[in-house]
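So the protein sequences, as listed, match chains A and B.
Using the numbering used here, the first residue of the first sequence is number 1, and each one after it goes up by one.
Using the numbering used here, the first residue of the second sequence is number 1, and each one after it goes up by one.
Just so you know, the hints here were simulated from the structure itself, not pulled from any lab data.
A portion of the hints provided could be inaccurate.
Ranges of calculated distance between the beta carbons of each label pair, as one might list FRET restraints [said to hold, decoys possible]:
#1 B:Pro8 - A:Leu80: 17 to 23 Å
#2 B:Gln17 - A:Ser53: 48 to 54 Å
#3 B:Asp63 - A:Asp67: 25 to 31 Å
#4 A:Asn23 - B:Gly59: 24 to 30 Å
#5 A:Arg93 - B:Gly28: 21 to 27 Å
#6 A:Leu111 - B:Ser117: 34 to 40 Å
#7 A:Leu111 - B:Gly59: 24 to 30 Å
#8 A:Asn57 - B:Leu27: 20 to 26 Å
#9 B:Gly16 - A:Gly29: 34 to 40 Å
#10 A:Ser92 - B:Leu96: 15 to 21 Å
#11 A:Leu111 - B:Gly16: 23 to 29 Å
#12 A:Leu39 - B:Gln17: 38 to 44 Å
#13 A:Ser53 - B:Glu18: 47 to 53 Å
#14 B:Pro70 - A:Arg81: 33 to 39 Å
Here are a few chain A residues that sit away from chain B, every Cβ distance over 12 Å (derived from the structure) [as the list claims (entries may be wrong)]:
#15 Met10
#16 Glu16
#17 Val109
#18 Thr110
C-beta atoms are modelled at their ideal positions from N, C-alpha and C, and glycine is treated no differently.
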Amino acid sequence: DAKTTQPNSMESNEEEPVHLPCNHSTISGTDYIHWYRQLPSQGPEYVIHGLTSNVNNRMASLAIAEDRKSSTLILHRATLRDAAVYYCILRSRGTASKLTFGTGTRLQVTL
Amino acid sequence: DARVTQTPRHKVTEMGQEVTMRCQPILGHNTVFWYRQTMMQGLELLAYFRNRAPLDDSGMPKDRFSAEMPDATLATLKIQPSEPRDSAVYFCASGLVPDGEMVSNQPQHFGDGTRLSIL
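Excised from the complex, chain A in its bound form (with noise of 0.2 Å):
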């Protein structure tokens, strides 16, 4: 499977955009790009996820690079219930496409 690398932690301001960057530069053509994100003691939860375009729904934005070697997600104003670690992922073609979680990134958001 495709690796990813994220810092390990970052810091916001609540009601501050955060752009929480992933490289993933040995993604295949078939990988969708996958964030989730984990709270304490909750299960994983998935935040977005795409291809190639660029993406939105109700919680972030993702941004992907034109050749597809980083993503960026965005949290377009951060809050407190935001604080949680961030999973980039990619899923490939296969049976279970099964989610493999890395370190991620702490992100913690601070009045």
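Got chain A; can you put chain B on it based on the hints?
Then chain B, alone, in the frame of chain A:
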């Protein structure tokens, strides 16, 4: 919002005992995944069902673990006999994969897990 429901939320038992964990997927979802999460190993896929049929259980220790879907509203994961190394948080996730679509293009929705401690 609809949610995946897992029971029990916590389970503490002695080694050798049978453990059964249950999962109610989101109504209408046709895929179910069982994962195990530990600090050391991270998230590991144990089993994957699509339309109630087991498609991948390669990550599951076959000698003691078993996963079933008696019906579309219930998935179970059993460990018999349990061992201390099975202590972990077990997550169930479900998703809707339309016919002809790839599972890699669909999100998975997780429950809050069963925290299992084997003494």
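Checked hints:
With their beta carbons about 29 Å apart, Pro8 of chain B and Leu80 of chain A fall outside the hinted range of 17 to 23 Å. Between Gln17 of chain B and Ser53 of chain A the beta carbons are some 51 Å apart, a value that agrees with the proposed interval 48 to 54 Å. In this structure the hint that Asp63 of chain B and Asp67 of chain A lie 25 to 31 Å apart at CB is violated, the actual value being about 46 Å. As the Cβ distance of Asn23 of chain A to Gly59 of chain B is approximately 27 Å, the hint placing it in 24 to 30 Å holds.
In this structure, Arg93 of chain A and Gly28 of chain B meet the distance hint of 21 to 27 Å, their C-beta atoms being roughly 24 Å apart. A beta carbon spacing of about 36 Å between Leu111 of chain A and Ser117 of chain B agrees with the range 34 to 40 Å that was offered as a hint. Separation of Leu111 of chain A from Gly59 of chain B is about 42 Å and departs from the stated range, judged on CB atoms against 24 to 30 Å. At about 21 Å, the beta-carbon gap between Asn57 of chain A and Leu27 of chain B stays in the expected band of 20 to 26 Å.
With their beta carbons about 49 Å apart, Gly16 of chain B and Gly29 of chain A fall outside the hinted range of 34 to 40 Å. The hint said 15 to 21 Å for the Cβ distance between Ser92 of chain A and Leu96 of chain B, and at roughly 20 Å that hint holds. Distance hint check for Leu111 of chain A and Gly16 of chain B: the Cβ-Cβ separation is about 50 Å, which falls outside the suggested range of 23 to 29 Å. A hinted range of 38 to 44 Å for the beta carbons of Leu39 of chain A and Gln17 of chain B is inconsistent with their spacing of about 31 Å.
Checked against the given bound of 47 to 53 Å, the beta carbons of Ser53 of chain A and Glu18 of chain B, roughly 49 Å apart, stay inside it. Taking the beta carbon of each, Pro70 of chain B and Arg81 of chain A are about 36 Å apart, inside 33 to 39 Å as hinted. Against the 12 Å criterion, Met10 of chain A stays outside the reach of chain B, whose nearest CB is about 20 Å from its own CB. Non-interface status of Glu16 of chain A relative to chain B is upheld: no Cβ of that chain comes within 12 Å, the nearest being about 26 Å off.
Even its closest Cβ contact with chain B, about 22 Å, leaves Val109 of chain A beyond 12 Å, as expected for a residue assigned away from the interface. The beta carbon of Thr110 of chain A sits about 26 Å from the closest Cβ of chain B, which is more than 12 Å, so the claim that it is off the interface holds.
Checked against the numbered hints given earlier, this structure breaks hints 1, 3, 7, 9, 11, 12; the rest are met.
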